[in-house]
Amino acid sequence: MDLFTAGFASMMGGALLRSRVLTLLACLLIAGAAGIFLTENQTITATFYEIVPGLSFAVHIDRLAAFFMLTIAAVSFCVSLYSVEYINQYKHKGLLISLMNIFILSMLLTVAAGNTFSFLFFWELMALSSFFLVMFEYDNDKTRKAGLFYFIMTQLSTLFLFIAFSLLYSYTGTTSMEKIILQEKSTFLFLALFIGFGIKAGIIPFHKWLPYAHPASPSNISALMSGVMIKVAIYGLLRFLLVLPAELWWGLLILGAGTVSALLGVIYALKEHDIKGLLAYHSIENIGIIYMGIGLFVIFSHYNVPALAAMSMAAALFHTLNHALFKSLLFLTAGHVVHTTKTRNIDEMGGLIRQMPYTALLFLIGAMAISGLPPFNGFVSELLLFQALFNASAVHNPIIELVLIICLSLLALTSALAAACFVKAFGMIFLAMPRSAQKTHEASWPMLLGEGLLALACVILGIFSPLYLNSLGYALPNMMFIGGALLFSILFFFLLARANTRYCETWGCGLISQTPRMEYTASGFSEPIVTIFSTIYNPQKHVSKEFFDKSQTLVREGHVEFHLMRFFEEYLYMPIANAAMVIASRIDTLHQKDMGAYIAYVFIAAVILLLWVGWFA
Amino acid sequence: MIALLNILVAVLISPLFMTFIKKVKAWAQRRQGPPLLQGYYTFMKLLKKETVLSTNSSWIMRWAAPINLAVMIIAALFIPIVGIGGSGNILLFLYLLALAKFFMALAGLDAGSTFGGMGSSREMTISAVIEPVTVIVFAALAYVLGTMDIHRMALAVLANGPQAALVLISMSLFIILIVETARVPVDNPETHLELTMVHEAMILEQSGKNLAFMELAHAIKQTLLMGLLMSVLFPYGLATETTLVALVFGIGAFIVKGLCISFFVGLFESSMAKSRLFLLPNLFMLAYFFSFLTILFEVFA
Amino acid sequence: MITAYVTIGILTPLLMLLSRTHKTTSLMLVAHTLIHLGMTGILVINITEPVYYLANNYFFIDALSTFEVLITSIIFFFAALYARGYVDGLLTERELSIKNVKVFYLGLTTLLTGLTLAFFSNNLALFWIWAEVTTILSAVLLVTLNAKENITAALQYVFVTSTAMLFSFIGLIMLFAVSKQALGAGTLNWDVLMLHASEFSPALLGVTFAFTFIGFAAKAGIFPFHTWLPEAHAKAPSVVSVILSTSVTSVGLYGIIRMYALVHPYTQLGAEMATVFGLLSMGVACFSMLQQKNLKMLIAFSTVENLGFMLFAIPVSLFWVLFHSLAHALAKALLFFSAGIIRRHYHSTELSKMKNILQQPFAAWGLIMGGAAAMGMPPFGIFLSKWFILTNVRPAMLSVLLFFMLTAAAAFAVALTGTLSPDEEKKEKYRPSRGMVLSLAGVLFLLLLFGVMVPEDILALLTATVEGLA
Amino acid sequence: MIDAAIKTIFVLLYVTVAFIMTRRDIISLISTYATQSFLLACLAGLLYMQERHATLLWLAALILIIKMVLIPSTIRSIQKKMKRDMEFAYVSPTGSLMLSIVIILLSYGALSHLLRELGLGQLFALGAITGVSFTMMGLVVIFSRKLVLTKIIGYLAMEDGVMIFSMFVAELPLIIEALILVDLFMLIILSTILALGMETTIEEVHKRLQVLVGEEK
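Chains as they are written, first to last, in our numbering: chain W, 221 to 837; chain Y, 57 to 357; chain F, 2 to 471; chain G, 81 to 297.
Source of the hints: derived by calculation from the structure; they are not laboratory data. It should be emphasised that the depicted structure is a prediction, and the values quoted were computed from it without experimental measurement. All the given hints hold, so there is nothing to weed out.
Below, in silico cross-link-like pairs of lysine-lysine (PhoX-like), each with a Cα-Cα straight-line distance of 25 Å or less:
1) Lys226(G) <-> Lys813(W)
2) Lys428(F) <-> Lys356(F)
3) Lys365(W) <-> Lys356(F)
4) Lys813(W) <-> Lys294(F)
5) Lys430(F) <-> Lys313(W)
Excised from the complex, chain W in its bound form (with noise of 0.2 Å):
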């Protein structure tokens, strides 16, 4: 508790001072508590202010609470690690310090809270203080159409959370955490709850925010947005979702919203370009099998079958600290190459891994955890949400069975996709030969150093993960012996295989020699999956061309445009705001009139005042 206290007054104390060195001891202070704390099985529950009565500020910190305080703060500390040098280039350094210190503690906050108000106010707080970050850069018309889309997808959410809320305190007249139990059905609850917690997360279909945020904010911010913030989401389902009376249609809607999301946000992945809109998606796809791994928790949870309930939710969880360590790793690393090369997107890029082979390795390894390949923690995850599913047979429900047997497959596509959209990141960015010139250079080592120790912790959960996962009783392969043979072997052959090498250019076809012109773009490799995949992303191309003589035979110049249909948004997010906009100028004109129909207005209500009251009162 003591711990906890200091940390929360070092990182207020960042906030005032502006200080990088508090941030980092604030995070410390927390993930140490927080470590501590999961080892022992107790609770704290404190109410440390009382804005009036009936309001207060109070804590509940129990296991669940704190496995993601440690999961926020461990990735936070890396963050400030890395943010201590890479702010530099900024011009308010001040603000975005004391921002983000504001930005982490209500992140904690909102994890510790005790009762929902404070949950909710602090919910708003790292929703406002996000929202600054996001704007950083605000002279970017870029920029601040994210902002503003983040910022009124993160009012949505709040409404529901609002509604859930107002209905959690009229159904249990309660607002503490620890009190709220609830028998009844609760349908809108639910929903409420569901499509709040959705926005924030970044469900499919209230995504959207995603892709525009991420690549406009700082890319410490967007490390710690996509590592850390949407998981705070995912605590607040998991958090509400255990005190209500499950029903068997949640735990569907949760895993085929997650599998929907998984599924469709790799694939628009695929076909992005701008490194960190990339890995927005990506973040969309590992939120979607998080929460997967939630609904299966509910199905299993309702089939009476506790220990592939345990087995998934530990898959969710699981997952929860791996995501926000590898994705908060790749934004990291990505956040260099971006602030050297001065672009997003990855066509201009290539070659890097000679000017920045750290930064290279360091991305690859984020690049082959998110890719859930083994003997990484994103792989570890994976499985366990992989044996879960396949042991769909035991809920004993033919139509479930498939339903879950269906999303098994689409999990599968959705991992053998990201690997092959992460063979193209890391590809385009560091391999072959540089595509535009540039003069780029390593990060320099308190940014290494933060990335580094995401980088280990990916290897060292995905390696020793029997060592704590076992004892839980998942009988999990024995990764450690596999990746010790693995790495035995592969050192022993690449030695093997040192010796006697000449190097030569790469043959180009006969042509004298090789230009970047002649590589495979980012468009090229992702061809074929869009040409697989058409239906969701309707490509069409725009061909027109201008001709020298009538008969359109000599071109004098062509243009091609290519577009993929943009789903969401042109039917889902374009109607909703135009329509808006429509009621809002019908009303408007109210207000466009002369006094005479002011005067008016004050007639006519005068007279259904004088109906109301004399002929219905």
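Given the coordinates of chain W, assemble chains Y, F and G onto it according to the supplied hints.
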């Protein structure tokens, strides 16, 4: 002990199967074909040659081949080749193959050659589309045999005798084998510098020892997938105990079974034409359908 | 106490007439507001049973009036601090002619007295009269600027509110008749009416509420009587906009609260009307906000939205309605003060003219913080009242309310993000005076304070208020 | 006898409103308003004869002074330029008259039973209803006429309606009535000046404004 033997046999026998398929195809074309030990000769020759690396390439290129070979050797732990022994989580096996593929695709991109990029792109596309099929096939296996361990699966088949469902699954497994080993109609292993190739394009920039390792890894992969297919379809002959007789019998049985499958693969390849890349999902859908059908039977039965 | 208020209220204008320079005049206003604030502070600390003044108990000081006067005092104090630098700006821009400076200050100081007396009126007719006086004075303040549109705005203001207020007066006459019927001698003294309301006919109470509601709603800027509000706020000098959107509108809300307290135990009509008109106001205001091209219009519509919310919430929780009005007043002060500085810099309040408003860091952050506060985000006070009120509303209604609030928030966000676009042309940078910055900071401080730490005295005062109205 | 006289005055009052609704000549509009105020004073006098409340007499005197003399003369003195108000908005003059009939019926229907509950006699109830409908008709004048000056007269007619209502429903204390009239006076002056401002330059408005606030310059 058995596990080590499994690895050893898999590594040693793989080039033979590779060449045997070529031989069968040659026979089908009324040619004489290469000598049966051609695979080994090529391997030895490549080991002696110098490695030529592109100036554009990075350490990815140098590490890709060792990683590939190492992964395949580790993956051999998971499959009962000669006998049953060791652990064999089927998903870990699958993801080890994915790991190898990941690096192979990266190596394809590393040199900056157009062919390599094209190969990687196609390889990753195909592997993405085949992945749900593979998983569903494995899920069907797990469903039917009640375990996720490949060694236990073989044991279960040995104990319970062949089942109708397994035949269906085997057909799917065969399709996976074709896809994963880059054979007609998915890929054409015979061509070089053709726009139809996938796997060969990716390893185009490899040379010397690296190429030897890559080829060997590919051959081992084929052997492992054959082993998987056999342990499900016809596990008889696998050594269940570490006696010399059992082991020798196991090795013999494996060679015979492997040659049979190779023969069949050769015939299959000869009777097919290379299919268009974008028609491949149809083939995969077929495998998906078989396995789904199996599960359907299991679920409703 | 009221004598003291009146004395200072008469003395200051007289002194102002004597003063020769702008500086002394503005200092007098500051002094007036400061003394006013001090006296209100004493009242707040020593809150007791209601104290009556004059033979007929025409005036009284009770918790509710103290609270409303407190809001007025605070706002006027900051407005006075802000005024000098702001008026200087108006003078250099020739938006205000030098001749009118004195009229402007006289208007402000008498408006303060008028408002104070309106809140301290026990007699409802007297309250009505003072409310009308505030209308007149506000209109005068509006037309001190050299622009023709201001006259139109002022006329609209006068006409819409005054005609509506006539209906209120009909309602008051009826109330008088009702009390006469029940008590023998008619009275409009609120304390007596409260005491005997149970003896009145509920139907007639309902009718009186409906009639009085029209006028007070017009003062408070409730749909469909809100039409004066955006124009007047947009055209008025920022100092006046602040006062209009906080103190002057709270006169209307105050009237509604008084009447509601009178009738609500006996008839449902009050609650029903509050709900219906509150929701309508919010809906209209929120959607209109989306269409606004002018910063001050936007803020003005946000005032309508908040007032609608307060009206809606009267049947839910009076305590939090009053708290909301305090927090809202501070948020609006922050917004309009910032808008005033912004206007000096860009010579316009059109949103399209504003580029990179962070060139004016104080004003920009004021707008951002004020906007966040007005949307009801933590850590500002409105979040508390919003939380409390919304957790006690039925879910269906709640969804509608929240949807409206979301629209309003979106409108704010659209407007403010738009103003951050890069500025190509180099303008001369406007330097806000120290007083202006000080008042911005002060308001922001209070806004934050009431969001995380509500002083005991205010809580006690609010509790006393709600008890006094029960 | 008195009842009959009062009813006659009601009818005459309605006639004046109809005039205000339809006349286009500003001078005659102002005179009509003066006449209306005179009728109002008569009404107060007649009521005094019936009720014998001294307040009513004082009220009659106040009305005569402020509403019949002071206000019309002030308006005339401030406002010299405008002669005619030709335009109508939203409802035509005939429409306004039809609307008035609806308003009277509506007020009767809505309020009669409520007024009975208040214990008012038939005549007094009629007076109250006349008051309310008068107010509403004044409102119709305001929104249907274009010129601000006419609107001001409409407002004054509304105020007369309130006066009638208060006379018949309950007499308020004299001090309140007096204050209200002063208030009204100020309001009228202000709006007349502003109305002037719509037609003339800003400077002129400000000159007059300073007179209003008491500034000597």
